[in-house]
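Full structure from sequences and hints, please.
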Amino acid sequence: MGHFDHDHGHAHGEHVHEHTHTDEHGQPYTHTHQHTHTGEHHHAHGGEQTIAVLQYMLEHNIHHAKELSDMAGGLSGEARHQLLHAVESFDQANGYLSAALEELKK
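Its first residue numbered 1, the sequence shown is counted upward by one per residue in our numbering.
Below, simulated SDA-like cross-link-like pairs (lysine to any residue); rule was C-alpha separation at most 20 Å, straight line:
| id | residue 1 | residue 2 |
| --- | --- | --- |
| 1 | K66 | Q55 |
| 2 | K105 | E59 |
| 3 | K66 | L97 |
| 4 | K66 | A79 |
| 5 | K105 | Q49 |
| 6 | K105 | Y56 |
| 7 | K66 | G95 |
| 8 | K66 | E78 |
| 9 | K66 | S76 |
| 10 | K106 | N94 |
| 11 | K66 | A86 |
| 12 | K106 | Y56 |
| 13 | K66 | H85 |
| 14 | K106 | Q55 |
If you are wondering where the hints come from, they were derived from the structure by calculation, not from laboratory data. The structure displayed is predicted, hence computed values, not measured ones.
See below:
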């Protein structure tokens with residue numbers, strides 16, 4: 001599955017990511033991620049909202065790391081090398097996010 005289109009739409013208090021992908025049969029499909037922010041944005045340490053945001057970030061990072069890895073598979077040379085470094089960076093960040101989530105869930 002590749003990441004070939006990435007649109008951002010914005011409305012009042014809303015942030016939307018739209019991704020178009022190609023499945024293993026070459027068929028395109030689109031999905032969106034929507035976030036609504038109203039009022040001030042607070043993250044209490046260990047609160048449900050913080051855990052939810054971190055969980056979302058972790059899942060989103062995993063998704064993007066997979067897309068980068070898929071793209072790297074179709075490349076060679078320095079471009080492939082750099083994309084694989086980006087995947088490693090996502091993997092490292094995901095390890096830290098996972099550890100933070102585990103601590104907050106205690």
